[in-house]
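Asks: Take a look at the letters that make up each chain.
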Amino acid sequence: MTEKTILVSLEVNGKPVSARVPARTTLVDFLRDELRLTGTHVGCEHGTCGACTVMLDGEPIRSCLVFAVQLEGQRITTVEGLTKPDGSLSILQDSFAEAHAQQCGYCTPGMLISAQSLLNNNPQPSDDEIRVAISSNLCRCTGYQQIVNAVGMAAERMAKE
Amino acid sequence: MKAAPFEYVRAESLDHACQMLVQHGDEAKLIAGGQSLVPMLAMRLLAPAWLVDIHGLSELQQIAIAEDQLVIGAAVRQCVADADPRLNSAVPLLSRALHWVGHAATRNRGTVGGSLAHADPSAELALSAALLEATLTLRSERGSRQVAAGDFLIGPMMTCLEADECLLEVRFPIWQEARTGSAFEEISARHGDFAIVSAAAQVGVDQTGRCTRAALAIGGAGPSALAFNDLARRLVGTRLEDGLLRDLAQQVAAKVEPTSDLQASAAYRHHLAGVLAERALLGAKRDAGLSS
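Which chain is which? The protein sequence lines are A and B, in order. Going by numbering that gives the first Met the number 0, the first sequence opens with residue 0, and the numbers climb by one from there. Going by numbering that gives the first Met the number 0, the second sequence opens with residue 0, and the numbers climb by one from there.
Do not take every clue at face value.
For lysine to aspartate or glutamate, the following EDC-like pairs were computed, each having C-alpha atoms within a straight-line distance of at most 16 Å [what the hints assert, rightly or not]:
(1) A:Lys83 / A:Asp93
(2) B:Lys1 / A:Glu2
(3) B:Lys1 / A:Asp93
(4) A:Lys3 / B:Glu6
Source of the hints: derived by calculation from the structure; they are not laboratory data.
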């Protein structure tokens with residue numbers, strides 16, 4: 000017996016998208032499996048690791064802790080949506096590369112979303128504020144110092160632009 | 000780590016949600032922010048046939064001050080409550096507690112009522128409700144009833160909600176003492192994770208610095224958040240001398256019934272209960288303008 004599906008329509012990275020999925024499809028599975036937006040990573044699938052963090056109306060949420068069907072008509076931003084319109088890296092993404100803020104890269108999309116949400120609300124964060132903002136994202140390789148440095152570097156570079 | 004199949008329905012009104020609960024009984028679960036429920040579904044600790052989504056219901060989104068109570072609708076998101084200036088002015092303890100609830104990414108979805116209905120023994124909002132002796136309003140097709148937080152929270156992940164009932168709102172008393180101070184203390188592996196133990200205290204003092212009201216509660220050290228307001232009442236009439244606060248903290252630490260788990264032993268939790276209760280009482284005293 001095939002599972003019943005529901006039509007879900009969202010705005011993802013500025014574009015209207017829709018797909019028929021079972022009600023139990025989480026947002027992260029919707030993004031990755033239906034839209035092939037595989038930049039958002041799946042980690043723990045119960046809200047602890049932060050790898051799947053995306054923006055809902057500009058604020059960070061866990062995409063593994065919400066079913067796509069709950070967000071009908073709402074606006075999602077994934078890591079793919081952070082790049083400049085020409086597809087090149089954003090200042091924050093480039094700062095992550097410059098500061099060596101990733102190693103295996105698994106946590107990186109969630110880190111970028113949490114950090115970008117912070118910078119959108121607070122363009123000049125202190126190191127403590129940066130640490131609070133990424134406190135819900137686990138990294139198992141770099142230690143967090145380079146990530147904090149990268150966010151600070153991005154804030155400085157954005158202020159000059 | 001995927002939820003079992005379920006049927007989804009977005010409730011159009013509170014009445015509609017209650018009708019769904021009558022129709023499907025134990026087979027239906029309400030979902031609001033889902034920050035506690037979705038992990039349980041993913042781990043298949045729960046597999047309801049129906050999910051009834053109440054997240055968008057305007058009837059559950061109100062924050063209001065009604066006489067000497069702060070009323071928070073069940074589906075008010077934690078980030079919305081946190082940003083509301085009435086919380087900090089009317090019941091500052093709630094602002095302090097919310098600071099410890101999950102992370103920004105979970106507070107952006109998680110609701111005040113959802114946390115209470117989930118009834119995790121380490122939850123900060125349940126602790127606040129027990130401490131302040133909040134009143135919860137439950138609604139079903141049979142009508143409404145009000146229950147005290149202490150009667151609502153009956154055990155780990157257990158409340159007195161019947162299968163056909165929906166949590167409508169929670170009412171936190173606004174203390175009218177000359178000066179009120181509060182504090183919230185917690186130890187967790189990482190800020191925002193589940194509390195290993197938490198403690199909250201609130202004291203009222205008169206113009207001369209004499210205690211007129213006191214409350215103390217401990218989380219994470221028993222089957223649900225435990226209020227020790229009967230014991231705390233002994234502080235009324237005193238000047239909240241540090242030695243009295245330490246004695247009370249030690250009495251409370253002897254009364255909690257923590258269990259051991261991967262994070263901490265029962266003995267460590269007993270110890271923490273005393274340490275954090277004392278810190279919370281001292282913090283509340285300072286917040287009320289008294290020096291140690």
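Asks: Next step is simple, just say for each hint if it's right about the structure.
Replies: Results of checking the hints against the structure:
Of the supplied pair hints, the one linking A:Lys83 and A:Asp93 holds, its CA atoms being roughly 11 Å apart against a limit of 16 Å. For the hint linking B:Lys1 to A:Glu2, the alpha-carbon distance of about 14 Å falls within 16 Å, and the restraint holds. At most 16 Å may separate the alpha-carbon atoms for a hinted pair to count; B:Lys1 and A:Asp93 exceed this at roughly 34 Å. Of the pairs offered as hints, the one joining A:Lys3 and B:Glu6 holds, with about 8 Å between alpha carbons and a cut-off of 16 Å not exceeded.
Checked against the numbered hints above, the structure breaks only hint 3 and satisfies the rest.
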